[in-house]
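Asks: Here is what each chain is made of, one letter per residue.
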Amino acid sequence: MLVMAECNPLPVPQARAGDQAAWDVLFRRYQLPLYVYVFELVRDEQASLDIVQETFIKAVRHIRGLREDEKFGGWLFGIAHQRCIQSWRKQTREEAALEEVGAAPAEFEAGPDDLLIRREHEETFMRLLSRLSPPQRAVLLLHFVEDFSIEQIAEITRSATGTVKSRLHYAKRALRKLLGEQ
Amino acid sequence: MKTPREILFEHHRHATPRLDALRREVLAAHTVPANANALPPTRLVLIQQVFSKVWLELIWPSRRAWAGLVALWLGILAANLQLKATLPSAPTARAAPAADVVQAFAEQRRVLAELLPPLKPPTTQTPRSAADRRSQRPVAFKCC
Numbered sequence: 001m002l003v004m005a006e007c008n009p010l011p012v013p014q015a016r017a018g019d020q021a022a023w024d025v026l027f028r029r030y031q032l033p034l035y036v037y038v039f040e041l042v043r044d045e046q047a048s049l050d051i052v053q054e055t056f057i058k059a060v061r062h063i064r065g066l067r068e069d070e071k072f073g074g075w076l077f078g079i080a081h082q083r084c085i086q087s088w089r090k091q092t093r094e095e096a097a098l099e100e101v102g103a104a105p106a107e108f109e110a111g112p113d114d115l116l117i118r119r120e121h122e123e124t125f126m127r128l129l130s131r132l133s134p135p136q137r138a139v140l141l142l143h144f145v146e147d148f149s150i151e152q153i154a155e156i157t158r159s160a161t162g163t164v165k166s167r168l169h170y171a172k173r174a175l176r177k178l179l180g181e182q
Numbered sequence: 001m002k003t004p005r006e007i008l009f010e011h012h013r014h015a016t017p018r019l020d021a022l023r024r025e026v027l028a029a030h031t032v033p034a035n036a037n038a039l040p041p042t043r044l045v046l047i048q049q050v051f052s053k054v055w056l057e058l059i060w061p062s063r064r065a066w067a068g069l070v071a072l073w074l075g076i077l078a079a080n081l082q083l084k085a086t087l088p089s090a091p092t093a094r095a096a097p098a099a100d101v102v103q104a105f106a107e108q109r110r111v112l113a114e115l116l117p118p119l120k121p122p123t124t125q126t127p128r129s130a131a132d133r134r135s136q137r138p139v140a141f142k143c144c
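Quick mapping for you: the protein sequence lines, in order, are chains A and B. Residue numbers for the first sequence, in the working numbering: 1 to 182. Residue numbers for the second sequence, in the working numbering: 1 to 144.
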């Protein structure tokens, strides 16, 4: 299981200085979370691998543009997210219309682990996840995979925090509802 | 019971070997090994680093201010060019009096030439005779 809290700080300054070993550490840390996120958005294995590769290359090229080292993870997911959006635009445009938009909920469920799924419902969960609209799925995945805060998710997806709260709330509610129907 | 994160990671763990290969490929093609970094940086790299530092430290943080300054300078340049475009009549206005002066001067010289008789050639002095010389004159001594 992936441990979210970093015991050691990520070697971002070393990577910025061009240290290959530091890049190796960073890529190892993020390769699977990035792949999971990208795959669940684009639903194509080869396209997902290509996007992860492009994200890594862009990260190496543009690391000097990252001003706060502790935001490396969010920055990396932001690069991948923009590439996913390009992929969505190619695939379909009408899915965005399915997005359920509502007012931001007054209260917000804090952790990503508040939703526990039984073993027999695991496959159902994966299937139901793919039925959510891409914007809702993106927000939910960022919440589940890396436990990003609302503000971080808003930065990655370039959305308002209210929009992120709303999407997360409705995505979780939809997921619970769908799981309850199974 | 599992968390969504655990389910997601387990579901995609089979992709790890391909991700490892991909990672190695990116590292080999786009990063430099540590021992290569030990080489002294070339002048070009140093210049790039300086530009990058200046860009990141001075320009990028206050890009709105720089953009404003650039816009201001462009405005000044445009105004300057426009002023220059409207000025060509000025030099001709200045040249006209000069032509008049030249013409008047030529006229004066012509009138002066008409009024004044032609200059006589300078008279040649005849060489003095020996009698004219003071030393050759007879000296009359006065008696005290």
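None of these hints come from the bench; they were simulated from the model. Treat the hints with caution; some may be incorrect.
Under the rule of at most 30 Å between Cα atoms (straight-line distance), these lysine-lysine pairs were calculated in the DSSO-like manner [unchecked claim]: (1) 2(B) x 58(A); (2) 71(A) x 2(B); (3) 53(B) x 177(A); (4) 90(A) x 58(A); (5) 58(A) x 71(A); (6) 53(B) x 71(A).
Asks: A separate judgement is required for each hint: does it hold in the structure or not?
Replies: Now the hints, each set against the structure:
no.: 1; hint: 2(B) x 58(A); verdict: 34 Å, violated
no.: 2; hint: 71(A) x 2(B); verdict: 28 Å, holds
no.: 3; hint: 53(B) x 177(A); verdict: 53 Å, violated
no.: 4; hint: 90(A) x 58(A); verdict: 21 Å, holds
no.: 5; hint: 58(A) x 71(A); verdict: 16 Å, holds
no.: 6; hint: 53(B) x 71(A); verdict: 20 Å, holds
When each numbered hint is compared with the structure, violations occur for hints 1 and 3.
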